[in-house]
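Peer 1: Now for the letters of each chain:
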Amino acid sequence: MRRLPRLFSLRAVITVAFLTFTAWSSQAQSAAQIPPEWNKALDSLADKIATAAKPARTFSLNVKNISSLSGTDVASLREELVSDLAARKFRITEKPPSDGQLQISFSESAEDYVWVAEIRRGDAHEVVMVSTARDVVRKPSAAGPSITLQRKAVWEQAGKILDFGLVSDAGMEGGSILVILEPDKLSFHQYRSGEWQLTRAVAIARARPVQRDARGRIDPPAGKAEMPDAECSGNFQHPETVTCSSAAAVQEVGFVTKPISIQGHTVDSYVDLGAACGIGPLTLITGPGDWTEPDFVQAVRLKNQADAASEKLQFPGPILALWASEDGKSARVVSRNLQTGAYEASIVAVSCGD
Amino acid sequence: MKLRLLLCLAVISVALAAVAAPLRPARRPRYGGTLRVEIGAIVRSLDPSVAAANPEEADAKDELDALLYDRRGESGTFVGAAGSGPFRLSAWEAGKSAVFAANEDYRAGRPFVDSVEIQMGRSTHDRLLDLELNKADFARIPAELARQAADRGVRVSASQPDELLALVFLAGRTATENARVREAIARCIDRVAIVNFILQKEGEPAGGLLPQWSSGTAFLFPTETDARAAKEIWSQISPSPKLVLGYDSADTLQQSVAERIVVNAKEAGISLVSRAMPNSSAASAHTGSEAPRSDTIHVDARLIRLRMPSPTARISLAAFVDTLGPMAGIEADPLPENASPEDIYNWERGIINSGRVAPLVWLPQVYGLSARVRDWKQPAAGESWPLAYVWLDSTTETH
Numbered sequence: 000m001r002r003l004p005r006l007f008s009l010r011a012v013i014t015v016a017f018l019t020f021t022a023w024s025s026q027a028q029s030a031a032q033i034p035p036e037w038n039k040a041l042d043s044l045a046d047k048i049a050t051a052a053k054p055a056r057t058f059s060l061n062v063k064n065i066s067s068l069s070g071t072d073v074a075s076l077r078e079e080l081v082s083d084l085a086a087r088k089f090r091i092t093e094k095p096p097s098d099g100q101l102q103i104s105f106s107e108s109a110e111d112y113v114w115v116a117e118i119r120r121g122d123a124h125e126v127v128m129v130s131t132a133r134d135v136v137r138k139p140s141a142a143g144p145s146i147t148l149q150r151k152a153v154w155e156q157a158g159k160i161l162d163f164g165l166v167s168d169a170g171m172e173g174g175s176i177l178v179i180l181e182p183d184k185l186s187f188h189q190y191r192s193g194e195w196q197l198t199r200a201v202a203i204a205r206a207r208p209v210q211r212d213a214r215g216r217i218d219p220p221a222g223k224a225e226m227p228d229a230e231c232s233g234n235f236q237h238p239e240t241v242t243c244s245s246a247a248a249v250q251e252v253g254f255v256t257k258p259i260s261i262q263g264h265t266v267d268s269y270v271d272l273g274a275a276c277g278i279g280p281l282t283l284i285t286g287p288g289d290w291t292e293p294d295f296v297q298a299v300r301l302k303n304q305a306d307a308a309s310e311k312l313q314f315p316g317p318i319l320a321l322w323a324s325e326d327g328k329s330a331r332v333v334s335r336n337l338q339t340g341a342y343e344a345s346i347v348a349v350s351c352g353d
Numbered sequence: 000m001k002l003r004l005l006l007c008l009a010v011i012s013v014a015l016a017a018v019a020a021p022l023r024p025a026r027r028p029r030y031g032g033t034l035r036v037e038i039g040a041i042v043r044s045l046d047p048s049v050a051a052a053n054p055e056e057a058d059a060k061d062e063l064d065a066l067l068y069d070r071r072g073e074s075g076t077f078v079g080a081a082g083s084g085p086f087r088l089s090a091w092e093a094g095k096s097a098v099f100a101a102n103e104d105y106r107a108g109r110p111f112v113d114s115v116e117i118q119m120g121r122s123t124h125d126r127l128l129d130l131e132l133n134k135a136d137f138a139r140i141p142a143e144l145a146r147q148a149a150d151r152g153v154r155v156s157a158s159q160p161d162e163l164l165a166l167v168f169l170a171g172r173t174a175t176e177n178a179r180v181r182e183a184i185a186r187c188i189d190r191v192a193i194v195n196f197i198l199q200k201e202g203e204p205a206g207g208l209l210p211q212w213s214s215g216t217a218f219l220f221p222t223e224t225d226a227r228a229a230k231e232i233w234s235q236i237s238p239s240p241k242l243v244l245g246y247d248s249a250d251t252l253q254q255s256v257a258e259r260i261v262v263n264a265k266e267a268g269i270s271l272v273s274r275a276m277p278n279s280s281a282a283s284a285h286t287g288s289e290a291p292r293s294d295t296i297h298v299d300a301r302l303i304r305l306r307m308p309s310p311t312a313r314i315s316l317a318a319f320v321d322t323l324g325p326m327a328g329i330e331a332d333p334l335p336e337n338a339s340p341e342d343i344y345n346w347e348r349g350i351i352n353s354g355r356v357a358p359l360v361w362l363p364q365v366y367g368l369s370a371r372v373r374d375w376k377q378p379a380a381g382e383s384w385p386l387a388y389v390w391l392d393s394t395t396e397t398h
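Top to bottom, those sequences are chains E and H.
So the first sequence is residues 0 to 353, counted in numbering that gives the first Met the number 0.
So the second sequence is residues 0 to 398, counted in numbering that gives the first Met the number 0.
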C-alpha cells in the first residue's frame with residue numbers, strides 16, 4: 000500500500016447511550032439533543048462570527064447543508080446558533096433591512112464536519128469556520144415499530160476483529176473485561192479510570208499465515224476462543240490463565256452457516272434468537288451485498304414465509320461476523336465502517352417498542 | 000395425465016421462481032481463479048531502483064510493485080524483498096506481460112485469487128473492447144470514456160474525484176507575470192462545459208486546489224465563467240500579449256481541454272494558441288515525481304494533472320504546492336501538521352488569489368470490471384489497487 004494517512008488510532012469507544020428507537024417528539028429534536036462537541040463548535044463559530052461581523056448587529060440568515068447531516072440535525076444546529084448569536088447581542092431578522100447577510104454552510108471534509116460562516120456587508124466578504132469530529136455517537140431520532148433493534152457500540156479499532164465478548168471482572172466488583180479476538184491475538188481489556196485498558200494480549204502462533212477471510216468465535220462462559228486453525232482457552236475472568244495454540248488441522252465446521260433463502264435472496268449470515276415481545280422465535284439476518292457495501296441487520300420471523308419483524312438497522316459497512324449472545328435476545332456484531340476503515344464491535348439487541 | 004400436468008406445472012413454477020429470484024452472489028469470498036488485468040503502460044522493469052521513463056510507466060510500475068512488496072519506506076519507495084507482498088512474480092516478459100502468483104505465506108493472509116495476469120501496452124480501445132467481450136477482468140478507463148464504457152455494458156467503478164487538471168502560469172514568462180493577464184484567462188474558462196462535453200459529466204468543475212469531499216471548503220471557490228469580465232480586463236491590457244498554452248502531446252484529454260480553452264479565450268478576445276509538448280518534458284506531473292520541464296518548448300502556461308497522494312486535505316495540498324511551486328513561482332510557508340480546516344482554507348485561498356494556477360476540473364479514477372470480480376473497492380487517494388482483497392465469482396462465466 001502507498002503511504003496511508005492517519006485514519007484512526009486504536010481507541011476504545013464506550014458509547015454513552017444505546018441507540019434507541021423510541022419515538023421522540025418533534026420538540027425533543029431541539030438543540031438539547033445536540034452532542035456537546037457540536038455545541039462547543041457552534042459556540043466557537045458564534046464567537047468568530049461576532050468578531051468578524053462587528054459593528055453590524057442585525058443579519059439575515061441563510062443556511063445550507065452540504066454534508067451528511069440530517070435535516071433535523073441542521074434545524075437543531077441552526078436553532079442553537081441563532082441562540083448563541085442572540086447571547087452575543089446579534090439579531091437574526093427574516094426580513095430586510097439588515098446590516099448584512101450571514102450564510103451558514105454545514106459542510107464536511109474527509110475527516111470532520113466543517114461549518115462555514117460567510118459574512119457579507121456591502122462589498123466586504125469574510126469567511127470564518129470551525130470543525131468538529133464526525134464520529135460523534137448520536138441518539139437516533141426515528142420512531143420504531145413494535146420490535147426494535149438497538150445497537151450498542153462497544154469497541155472500534157484499526158485492526159481486524161473476529162469476535163468479542165464481555166465477562167465480569169473477578170478482580171473488581173461490578174467491573175467488566177472486554178475480550179477481543181483478532182487473527183493473531185486474543186486481548187483482554189479492563190475498565191479502569193473511565194476507559195478500557197489493555198491488560199493482556201495472548202499471541203496466537205500458527206504454522207501458516209492466517210487466512211484472509213479469517214473467522215473466529217468467542218464463548219466467554221466456557222472460556223474459549225475458537226478459530227478454524229487455532230484455539231484459546233482458560234478462565235476469561237482471569238486473563239493470566241488463558242493460553243492459545245494452533246490446531247493440528249483446519250476445522251471449518253461451526254464457523255459458516257448454511258445459507259437460507261429469504262424473499263428470494265440468499266442470506267448466508269444470520270443467527271437465531273428466542274421469542275421477544277410476544278413474537279418469535281426471531282432470526283437476525285444481514286443484507287445481500289458484498290464487503291464493499293453498507294449493510295443492515297433485520298429481525299425476521301422464519302415461520303411460514305419470512306416476515307420482517309423490525310426495521311433494518313443500518314451499518315456504515317459490511318457486517319463481517321454475527322453471533323448470538325447467551326441471553327438469546329441479542330447478538331454480537333463485528334462490522335467494518337467503510338467511511339473510517341475501522342472495525343467495530345457492537346451488540347444488537349431486540350427490544351419492544353412503544 | 001393428471002400427474003404429467005402437475006409435473007409440468009411444477010417445472011414451470013420452478014423456472015418462474017428462478018427468473019423472479021435470481022441467485023445473489025454469495026458474500027463469503029472464494030479462493031481461486033486468475034484475475035486478468037490490462038494496462039496501457041509498458042513497464043520495463045519492476046525493480047524499484049530503476050527509474051520509469053514516463054509518469055504513465057511510473058504509475059503502473061508502482062501498482063505492480065505494490066503487489067510484490069509488503070511495505071514502503073518513509074520516502075514512499077518500496078522496501079524489503081520482492082515477494083514479501085501479497086503476490087510473487089511467477090512470469091515476466093519486460094514491457095509485455097507479467098504473472099503474479101498468490102503468496103501463500105503473506106502475513107496478512109493469502110490473496111483470494113490464485114494469480115494476476117497483466118497484459119501491458121494495451122490501448123484504451125483494446126482495453127475497453129476486452130472488458131466488453133469479457134476477455135479482461137480489470138482495466139483502467141480514462142474518465143472521459145466512462146460513460147461510453149457504461150453504455151456499452153462495461154461495469155464501471157469510479158472513485159471520488161482525486162485528480163486535478165489545472166492550468167499553470169509558468170514562472171519567468173514576461174506575458175504571464177502580469178496578474179491581469181492571468182486573471183483574464185482564468186475568468187474566461189468555461190469549466191462546466193469542459194465537464195459536460197469533454198468529460199461527459201464524469202468529473203467536477205474545480206475552483207480550488209482540493210475537492211469538496213476532502214476539504215469541505217471547495218464550495219467557497221467559485222467555478223463560474225465570466226467572459227464579460229475577462230473581455231473587459233483584456234481590453235485594458237496594452238499591448239496585449241500573444242500567449243501559448245502547452246499540453247502533454249500524449250494526453251488526449253489535455254489536448255481537448257487546451258483546445259476548448261483556446262476557444263473560450265478567443266471569445267473573450269484573448270490571443271491564445273495551444274501547443275503540444277513532448278511527452279518526456281510535459282507528461283502529467285504526478286505528485287512526488289520531479290516537476291515536469293517546460294523549457295524545451297516555449298509556452299507561457301501549461302496544463303498539468305495532479306493526483307492527490309492522500310485523502311487528507313493538508314497532505315495533498317502540501318504535495319500540490321511542492322509540485323506547483325517551482326513551476327509557477329508559488330512560495331508558501333509550510334502548513335503545520337495540526338493545521339485546522341480554516342488554516343488549510345486560508346493557505347489554499349492565498350495560492351488561488353495569487354492567480355498563478357487556475358484549477359479546471361476534478362477527475363475520478365475510473366476502472367472497468369468484469370461481472371465476476373467481487374469485493375473490488377476503489378482505492379482511496381494514495382492507495383494502491385487492493386487486488387489481494389478481490390475474489391472471483393465462479394458462477395460467472397468468462398471467455
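Bear in mind the hints are in silico, worked out from the structure with no lab data behind them.
Beta carbons are placed, not taken as given, at the ideal position from N, Cα and C, and that holds for glycine.
Hints may be right or wrong, so weigh each one.
To be verified - Within a straight-line C-alpha distance of at most 30 Å, the following computed BS3-like cross-link-like pairs (lysine-lysine) qualify:
(1) Lys311(E) with Lys376(H)
(2) Lys151(E) with Lys134(H)
(3) Lys53(E) with Lys88(E)
(4) Lys159(E) with Lys134(H)
(5) Lys63(E) with Lys134(H)
(6) Lys95(H) with Lys184(E)
(7) Lys376(H) with Lys257(E)
(8) Lys376(H) with Lys134(H)
Stated by the list, open to error - Computed from the model, here is a short list of chain E residues facing chain H with C-beta under 8 Å:
(9) Glu107
(10) Ser244
(11) Asp271
Stated by the list, open to error - So the derived list for chain E, only partly shown, Cβ under 8 Å to chain H, looks like this:
(12) Ser108
(13) Val113
(14) Val115
(15) Ile118
(16) Met128
(17) Arg211
(18) Asp267
Peer 1: Would you mind marking each hint as holding or not holding in the structure?
Peer 2: Structure-based check of each hint:
1. Lys311(E) with Lys376(H): Holds. Lys311(E) to Lys376(H) sits at ~24 Å (cutoff 30 Å).
2. Lys151(E) with Lys134(H): 46 Å, violated
3. Lys53(E) with Lys88(E): Given pair Lys53(E), Lys88(E) holds - Cα atoms ~11 Å apart, limit 30 Å.
4. Lys159(E) with Lys134(H): At roughly 34 Å apart (the allowed maximum being 30 Å), Lys134(H) and Lys159(E) break the hint.
5. Lys63(E) with Lys134(H): 47 Å, violated
6. Lys95(H) with Lys184(E): Violated. Lys95(H) to Lys184(E) sits at ~43 Å, over the 30 Å cutoff.
7. Lys376(H) with Lys257(E): Holds. Lys376(H) to Lys257(E) sits at ~27 Å (cutoff 30 Å).
8. Lys376(H) with Lys134(H): 21 Å, holds
9. Glu107: 5 Å, holds
10. Ser244: Constraint on Ser244(E) not satisfied, violated at 20 Å.
11. Asp271: Nearest chain H Cβ about 19 Å off; hint violated.
12. Ser108: Holds - the Cβ of Ser108(E) comes within 8 Å of chain H, reaching about 4 Å at its closest.
13. Val113: 4 Å, holds
14. Val115: Holds: closest Cβ of chain H sits about 7 Å from Val115(E), inside 8 Å.
15. Ile118: At about 13 Å, which exceeds the 8 Å cut-off, the nearest Cβ of chain H leaves the hint on Ile118(E) violated.
16. Met128: 5 Å, holds
17. Arg211: Constraint on Arg211(E) satisfied, holds at 3 Å.
18. Asp267: 6 Å, holds
The structure fails to meet hints 2, 4, 5, 6, 10, 11, 15 from the earlier list, while all remaining hints are met.
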